[in-house]
Amino acid sequence: MMLDFLHQIPTAFLFFGAAFIVMLLPQGNIRNIALLGAPVIAAIQVWTLGMGEFYTIPFFGFDLELMRLDSLSRIFVLIFCLAAFLGNLFAWHLRDTVQQVSALAYAGSAIGAALSGDMIALFFYWEATAIASVFLIWARRTEGSYWTGMRYLIIQIASGVILIAGVAFYYHDTGSIEFDKMELNSIATWLIFLSFGMKCAFPLLHNWLQDSYPAATITGTVILSAFTTKLAVYALARGFAGTEILIYIGTIMALFPIFFAEIENDLRRVLAYSLNNQLGFMVVGVGIGTELALNGTASHAFAHILYKALLFMSVGAVMFRTGTSKASELGGLYKTMPKTAIFCLIGAASISAFPLFSGFITKSLTLSAVAKEHYTYIWLALVFASAGVLSHSGIKIPFFTFFAHDSGKRPKEAPFHMLLAMGLTAFLCIFIGVFPNFLYSILPYEVNYQPYTMEHIAGQLQLLLFALLAFAIIYRRGLHPPEIRAVNLDSDVIYRKLIPSIFVYFAFIVSSCFVSINKLSKSIFSDLVSKLNHSHGPDSSRAASWPAGAMVISIAALLGLSLFVIFFS
Amino acid sequence: MKKIKDSSADYPKLGKLISWVDKPGSNQKIFYILILLCTASFGLEWTYEKHAYFEIESYKGFYAFYGFIVFSVLIFIATLLRKIVKVRENFYLEKSIDSESYPDDQIQRIDHDA
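So the protein lines, in turn, are chains A and B. Quick note on the numbering used here: the first sequence kicks off at 1 and runs consecutively. Quick note on the numbering used here: the second sequence kicks off at 1001 and runs consecutively.
Heads up, some of the hints might be wrong.
Pair by pair, the computed Cβ-Cβ distance ranges are [as the list claims (entries may be wrong)]:
| # | chain 1 | residue 1 | chain 2 | residue 2 | range |
| --- | --- | --- | --- | --- | --- |
| 1 | A | L420 | B | L1017 | 19 to 29 Å |
| 2 | B | P1103 | A | R476 | 32 to 42 Å |
| 3 | A | D173 | B | R1109 | 22 to 32 Å |
| 4 | A | L420 | B | D1111 | 19 to 29 Å |
| 5 | A | E291 | B | Y1048 | 18 to 28 Å |
| 6 | A | G61 | B | P1103 | 46 to 56 Å |
| 7 | A | Q450 | B | P1103 | 17 to 27 Å |
| 8 | B | T1039 | A | R476 | 51 to 61 Å |
| 9 | B | L1017 | A | E291 | 42 to 52 Å |
| 10 | A | I154 | B | V1073 | 18 to 28 Å |
| 11 | A | I154 | B | R1109 | 26 to 36 Å |
| 12 | B | A1052 | A | S501 | 46 to 56 Å |
| 13 | A | I21 | B | R1109 | 13 to 23 Å |
| 14 | A | Q450 | B | S1026 | 36 to 46 Å |
Derived by calculation from the structure, the hints in this document are not laboratory data. Every residue gets a Cβ at the ideal spot worked out from N, C-alpha and C, and that includes glycine.
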């Protein structure tokens, strides 16, 4: 009975309703239970609903499909619910209504977008994710976060505007707004593709990610890391599976962030670069487009949300206790935060794809799909990127936070609710790694793949262990780039510094020209006036010879002229 | 240099257990264990038959060599990259969070023995 009632409500509305109720509840355990309850109820609803299209509403002559539940959308919705639950558990201590409401509205919007069967509903939810999530950045309540939030919002809203422009063209071309597989053969689909690419942090469209995630609150970043980019991966998988250009875009995405992550000092920005790199693997999977590859993308997104959240949680817990996430100021924290250190190591092992951890059973699907399609160089590049993942997320994050040089900081272990959230997430990372069939059973297509063969295990262990050996040798010899307080320029310097400084320079030139011309014209004009005054003015020699009636005649002529003009106008 | 008041007796049990890694000689031991593990993983190559998709993958120890080399190349390129892109922490001034501290009222900065 209760379940029947639940099935009548679109999942996104459950979250929006919960967000409204949360505002009315007093701060404390009751409100926190509501924050945890909403994703649980939503997950139960989606799990029990079955496949199909369940909720259509008319909208200006269109039918908006708000609940398209199939094997592709279901896995994304389930992991979004799980991420919202774990994120809210991690934020149990929070007494900030803005962040609590924002987290629920954001999760609901992302889920709504994943369940949209048409592109108008998708657009509404797409923009809602942007608006809801920016408060997680602004909630830091500093000037830096305000400006960062503005940059984030501009890019996210722009993505939505481009999407609706693409949808309008698409409707004009095809007469349909259905959100399904498209071909990149018209301005409409290119615009939609670009819009998805902005949220997916394609190369050169990626800067918002590394700019904004480290600027959000400690708990906000954990929430942010789960939704926007994975929603974009879902949208690409839905709309552009098998589009070859995605293979090359994804490969560049997997490669270039690993270099930046290696030299970045802010560990939350390292994780943002790492997130970008992981998205690359998923995008390659979408580009390959086979059933194996799409399973790889979906499972990777599922596992990635968990281990990335775990890593953001562990760095967040450190930040909660020390006030910083800068590698140059951390180190040696395992002594007093050993549990957080162990959870971080589990996250690091998962993202590095060590056997028995979640990354291993998901990333190998994508790599096998690439190999099966005989993309040799792409495969080599992705294996390179895998070693890169070990470098920045597997080694750098845990090593420079909890080990390496002793920072002298002796913070207390993270609060219980943070440990619980990290513990649950870590458990899931291992559970998925040890029992892959659980995750494989909810993938979009049937899985006929065995990750635990001796060949896979030995190959992966060799890759990781020898990369670790390289690190050990490089570090012992003092050749590893040291952790220093600095910022590294990325391509966003173009719109954050270069273009504004060109504008300032241009404005300076224009204003200088204006002032000079003004000065020149003034001097010419005043010279002319003084000369005329000298020759025709009241004190001039000519004025003495003018009759007194000349002025009366002039005025009469002027009045006559005025009458003439008024009469004919 | 900041003097560290080390009261390891008060550390959590788990912290004391892991502190083995900081003992003199542990560093070397970890390195040898790693070499041992590398050798073992290399040795595994002879326990199964490879079904390589690419010719390069079929060579014995491909992943070992590739892992070692690409990791070294990555560090080398990243070091060079830093020379090009590194700027001072307050480069973007107040329009970025890089040089501002995290608000104290949003965290609980507590020492372990407090």
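Checked hints:
1. A:L420 / B:L1017: 19 to 29 Å: With a Cβ separation near 21 Å, L420 (chain A) and L1017 (chain B) satisfy 19 to 29 Å, so the hint holds.
2. B:P1103 / A:R476: 32 to 42 Å: Given range 32 to 42 Å: holds, Cβ gap about 39 Å.
3. A:D173 / B:R1109: 22 to 32 Å: violated (58 Å)
4. A:L420 / B:D1111: 19 to 29 Å: At roughly 22 Å between Cβ atoms, D1111 (chain B) and L420 (chain A) fall inside 19 to 29 Å, so the hint holds.
5. A:E291 / B:Y1048: 18 to 28 Å: holds (26 Å)
6. A:G61 / B:P1103: 46 to 56 Å: holds (49 Å)
7. A:Q450 / B:P1103: 17 to 27 Å: With a Cβ separation near 50 Å, Q450 (chain A) and P1103 (chain B) fall outside 17 to 27 Å, so the hint is violated.
8. B:T1039 / A:R476: 51 to 61 Å: Violated, since T1039 (chain B) and R476 (chain A) (Cβ atoms, about 18 Å apart) do not stay within the stated range.
9. B:L1017 / A:E291: 42 to 52 Å: Holds, since L1017 (chain B) and E291 (chain A) (Cβ atoms, about 46 Å apart) stay within the stated range.
10. A:I154 / B:V1073: 18 to 28 Å: Roughly 37 Å apart at Cβ, these two residues miss the hinted range, so it is violated.
11. A:I154 / B:R1109: 26 to 36 Å: holds (34 Å)
12. B:A1052 / A:S501: 46 to 56 Å: holds (53 Å)
13. A:I21 / B:R1109: 13 to 23 Å: At 33 Å between Cβs, range violated.
14. A:Q450 / B:S1026: 36 to 46 Å: At roughly 38 Å between Cβ atoms, S1026 (chain B) and Q450 (chain A) fall inside 36 to 46 Å, so the hint holds.
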